[in-house]
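Its first residue numbered 1, the sequence shown is counted upward by one per residue in UniProt numbering.
Hints were generated in silico from the structure; no laboratory data involved. Some hints could be false.
Claimed, not checked - The calculated lysine to any residue pairs, modelled on SDA-like cross-linking and capped at a C-alpha distance of 20 Å, are: (1) 33 - 65; (2) 19 - 2; (3) 70 - 55; (4) 29 - 1; (5) 77 - 111; (6) 81 - 50.
To be verified - Have a look at the derived ranges for each label pair, beta carbon to beta carbon: (7) 86 - 2: 22 to 30 Å; (8) 85 - 26: 25 to 33 Å; (9) 80 - 17: 43 to 51 Å; (10) 91 - 66: 22 to 30 Å; (11) 15 - 90: 30 to 38 Å; (12) 28 - 90: 27 to 35 Å; (13) 47 - 101: 26 to 34 Å; (14) 76 - 98: 17 to 25 Å; (15) 2 - 87: 28 to 36 Å.
Just so it is clear, CB atoms sit at the ideal spot from N, CA and C, and this is done for glycine as well.
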Amino acid sequence: DASRRDFTINGMFFDPLEKKVIEYVGGRKDLEKKIIRTIGDPQKRFSEDYLRMLRAIRFSTQLNFAIAPKTSQAVTKHASKIKKISDERIAAELEAILTNPNRAAGTELLINS
Numbered sequence: 001d002a003s004r005r006d007f008t009i010n011g012m013f014f015d016p017l018e019k020k021v022i023e024y025v026g027g028r029k030d031l032e033k034k035i036i037r038t039i040g041d042p043q044k045r046f047s048e049d050y051l052r053m054l055r056a057i058r059f060s061t062q063l064n065f066a067i068a069p070k071t072s073q074a075v076t077k078h079a080s081k082i083k084k085i086s087d088e089r090i091a092a093e094l095e096a097i098l099t100n101p102n103r104a105a106g107t108e109l110l111i112n113s
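Please model the complete structure; the sequences and the hints are all you need to start from.
Below, the structure is given as structure tokens:
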């Protein structure tokens, strides 16, 4: 279900029979504009799983995409809640951010969040 996913770019589906992309949440537009945006209310989306905040930073780092303003504001607002996530899950996301060639941008996002 697209509406339950984290980010619009992850809410697209591919129909292999029709060979076309199906999207309901604006993912194609955000992909073209290189934007990481939550599906629906970012406050609600992050409260469902606080690891999504680090995923936003990782996707931004890996894809060299900007984080949408409301999504970024929600990351900053909920940053202290990341401690509710297991160390292993946090470590995996941080490793992906810090081993990426674009890690300077990722580090800056982490610091500013």
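* To do: Quick one: which hint numbers does this structure break? Sort them smallest to largest.
  => none
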